[in-house]
Amino acid sequence: MSEESLTESEPKEIESKAEDREADLTEAAQMLEEPKDGSFLTGLAAFVAWAKSLVAKKD
Amino acid sequence: MVTTLDNKNEYAKSICLFLAELLRTRRITLARSSEIAQKVLQNINLIDTEEDFLRLTKELAFEFEELHYFKERLSKNVHVNQRRELEKKVREFAASVMYQDSKLALDVLAAAVSDEARLEDLGARFPQFEQFIKTK
Chain A
73 MSEESLTESE
83 PKEIESKAED
93 READLTEAAQ
103 MLEEPKDGSF
113 LTGLAAFVAW
123 AKSLVAKKD
Chain B
8 MVTTLDNKNE
18 YAKSICLFLA
28 ELLRTRRITL
38 ARSSEIAQKV
48 LQNINLIDTE
58 EDFLRLTKEL
68 AFEFEELHYF
78 KERLSKNVHV
88 NQRRELEKKV
98 REFAASVMYQ
108 DSKLALDVLA
118 AAVSDEARLE
128 DLGARFPQFE
138 QFIKTK
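Keeping their order, the protein sequence lines are chains A and B.
Take the first sequence: its letters are residues 73 to 131, numbered as in this note's numbering.
Take the second sequence: its letters are residues 8 to 143, numbered as in this note's numbering.
Hints are computed from structural coordinates only; laboratory data are not their basis.
Note that the structure is a prediction, hence the values are computed from the model and not measured.
Be a bit skeptical, because a hint or two may be false.
Heads up, simulated DSS-like pairs for lysine-lysine below, C-alpha to C-alpha not over 27 Å straight-line [what the hints assert, rightly or not]:
1) K124/A x K95/B
2) K108/A x K15/B
3) K65/B x K124/A
4) K15/B x K124/A
5) K95/B x K108/A
6) K124/A x K143/B
7) K15/B x K110/B
8) K130/A x K46/B
9) K46/B x K129/A
10) K95/B x K46/B
11) K143/B x K83/B
Input sequences plus hints: build the corresponding full structure.
This is how it looks when you write it as structure tokens:
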């Protein structure tokens with residue numbers, strides 16, 4: 073992976089996502105950006121488990 | 008030495024940072040982002056190269072429109088990296104045959120100038136070049 077950053081988001085806003093709490097979105101972003109053990113593979117897995125648990129609680 | 012696991016971690020990193028940016032700017036829900044993350048994880052064992060990762064991203068972009076921009080950027084990066092690899096191999100080949108066969112070296116260099124040039128096409132057109140890249 074090189075050259076231009078793949079992390080820039082689309083310039084166009086898709087839509088406002090009101091159903092998620094701001095604090096949860098921030099925590100999710102932090103989990104993805106800074107995985108605890110430094111591995112983004114395990115970080116991705118941890119994020120999936122955490123997010124699914126959170127979404128299940130809401131449902 | 009870069010290992011396959013390092014590459015997988017790099018692919019995971021790129022999708023992690025992209026999803027994080029979407030979440031921070033509220034362009035995706037937690038539910039959708041975790042679905043995308045799960046799909047990537049389910050397929051990560053099949054991903055060994057940047058081209059594999061692009062293929063997976065294209066497939067996922069059908070289901071998740073949020074990945075459209077990521078797919079476009081990844082596609083561009085893959086093209087740039089392929090082009091860089093082609094130029095490196097052509098330079099090495101030209102340098103190795105220039106003394107014995109300068110015409111061949113110049114012909115391969117000229118054929119590689121086009122942005123559309125591909126390693127496979129150059130190999131099919133110049134058997135000596137194909138042999139050279141096989142031994143590299």
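The hints, checked one at a time:
1. K124/A x K95/B: 45 Å, violated
2. K108/A x K15/B: 17 Å, holds
3. K65/B x K124/A: 24 Å, holds
4. K15/B x K124/A: The hint holds at about 23 Å.
5. K95/B x K108/A: The hint is violated at about 38 Å.
6. K124/A x K143/B: 47 Å, violated
7. K15/B x K110/B: 42 Å, violated
8. K130/A x K46/B: 22 Å, holds
9. K46/B x K129/A: 21 Å, holds
10. K95/B x K46/B: With a Cα-Cα distance of about 35 Å, the restraint between K95/B and K46/B is violated, given a limit of 27 Å.
11. K143/B x K83/B: The hint holds at about 26 Å.
The structure does not agree with the numbered hints 1, 5, 6, 7 and 10 stated previously, though it agrees with the rest.
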